[in-house]
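Engineer: All chains should be built: construct the whole structure from the sequences, respecting the hints.
Residues in the sequence shown are numbered consecutively from 1, following full-length UniProt numbering.
Hints in this document: simulated from the structure, not taken from any laboratory.
Just to be clear, a hint being listed does not mean it is correct.
Unchecked claim - Cross-link-like lysine to any residue pairs, in silico, SDA-like; alpha carbons within 25 Å at most:
| no. | residue 1 | residue 2 |
| --- | --- | --- |
| 1 | K127 | P223 |
| 2 | K313 | K127 |
| 3 | K313 | S206 |
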Amino acid sequence: MFPSDTKASLHSAFQSVLDSASPSILARLSLQLAAMPHVAAPSRQALEQERLHRHAQQPGSSLSPAPRLSPLRLYLLGYNILSALLWGHLLVLTLSFLLAPSRPPWHQLADRLSGSYDYHNLGWCTKWTQTLAVLEVVHAALGWVRSPLGTVASQVASRLWTVWGVVEAAPEITHGHPLFTTMLLAWSLTEVIRYSFYALSLLSVSAPFLNYLRYTTFIPLYPLGASSEAFLSFATLPALAPVVSRAVTNVMAQAPREIMKTKVGREVLWWSAKHGGGTAGAQKEWGWIEIVRAGLFLLWWPALYVLYTYMLKQRRKVLGKGKTVGGVSKAQ
Numbered sequence: 001m002f003p004s005d006t007k008a009s010l011h012s013a014f015q016s017v018l019d020s021a022s023p024s025i026l027a028r029l030s031l032q033l034a035a036m037p038h039v040a041a042p043s044r045q046a047l048e049q050e051r052l053h054r055h056a057q058q059p060g061s062s063l064s065p066a067p068r069l070s071p072l073r074l075y076l077l078g079y080n081i082l083s084a085l086l087w088g089h090l091l092v093l094t095l096s097f098l099l100a101p102s103r104p105p106w107h108q109l110a111d112r113l114s115g116s117y118d119y120h121n122l123g124w125c126t127k128w129t130q131t132l133a134v135l136e137v138v139h140a141a142l143g144w145v146r147s148p149l150g151t152v153a154s155q156v157a158s159r160l161w162t163v164w165g166v167v168e169a170a171p172e173i174t175h176g177h178p179l180f181t182t183m184l185l186a187w188s189l190t191e192v193i194r195y196s197f198y199a200l201s202l203l204s205v206s207a208p209f210l211n212y213l214r215y216t217t218f219i220p221l222y223p224l225g226a227s228s229e230a231f232l233s234f235a236t237l238p239a240l241a242p243v244v245s246r247a248v249t250n251v252m253a254q255a256p257r258e259i260m261k262t263k264v265g266r267e268v269l270w271w272s273a274k275h276g277g278g279t280a281g282a283q284k285e286w287g288w289i290e291i292v293r294a295g296l297f298l299l300w301w302p303a304l305y306v307l308y309t310y311m312l313k314q315r316r317k318v319l320g321k322g323k324t325v326g327g328v329s330k331a332q
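Structural biologist: This is the structure we're talking about:
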C-alpha cells in the first residue's frame, strides 16, 4: 500500500518515539493493554440471530411474543376458531359420506359422489356455515383485518351465489349431484387450513407446516372447487336447442318464400320443428336467473386464472427459498 522507503521511514519514526519514552510510561501502557478484554468479531450467525431478534420486536411480526388480547382480537380469534370448527365438521361429514362402506364402489364414481346433500344435514350445515362468511366482508370494510375489501367481497359473493343462487334455487338438480360433493370437499379442506392459520396468527404462534399447507393445497383444491361450482351451475341451465329453434323459426318466418322452398330452407324448418315444437312446453324456460348463471359460467374461468396466478405468486413469495446466513434461513 505504501512504497518500501516510506514504510522504512515510518518504522524509524515510530521506533524513535518508543526509544524516547520513559520506561515507566511504557510499563503503564503495557499494563493497560494487557487489562483490556479481548473482543472477538461477531460471527455471521450471531449477526443473523440479532437481525431476527430485531425483527421479532416489530409489531405484527410472526416471531414476536404473544400480544395482549384486546376485545377486537378476542372477537376475531373466536370467529376464526368457530369457522375452523364448523368447516372441520363439514369435512368430517364429507369424508364419512365418501368412505361409507354402503356407498357404491369407487369405479362407479358418479354414483358414489351423489347424494351428499341429505347426508346428516350436510347441505343445510353448508349453506349456513358459508353464509357466516359475510362477516369477513364486514371485517375488511371496518379495517379490522388487512385483507383487501374487493378481493374478500368477490370471493364471498361467488360462494354465496353458488349456495343460494344455484344449489338452493335448483334443488331438484343440485342436491343429488356429484359435483356438490366435490365442491364441498374442496371448500372444507381449504377453509379448515385457512381459519386455523388465522387463529394461530392472532396468537402469534408460528406454524410453518400449516403455512406450507395454506400455500400448497390450493394447487389442486382451487381448480377442483371452482370447476365444481361452475359446472354445477351449468347443470341447472335449460336446454339451449329450443331457444335457438324459436329464434331460427322467427327468422325463417320473415324470409322470402323462395328460400323456404329450397332444400336448405326445408332442412332448417324441419330441425326447428323437431327441437322447439312439441317439447317446448315441457322444458324449463330461460329466465333472468338462468341468463345470469350462463354469464357467470363464462366469467368463472378468467376469474379462476387471475386468482390462481395470484396465489402462485404469493406461494413463491412466502415459501421461496431464502438466502442462508450462518446456518439460518433469511426466509424465516
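Engineer: Now tell me if each hint is right for this structure.
Structural biologist: Verification of the supplied hints:
Under the criterion of a C-alpha separation no larger than 25 Å, the hint pairing K127 with P223 is consistent with the structure, at around 21 Å. Under the criterion of a C-alpha separation no larger than 25 Å, the hint pairing K313 with K127 is inconsistent with the structure, at around 31 Å. A distance of roughly 22 Å separates the Cα atoms of K313 and S206; the hinted pair therefore holds under the 25 Å criterion.
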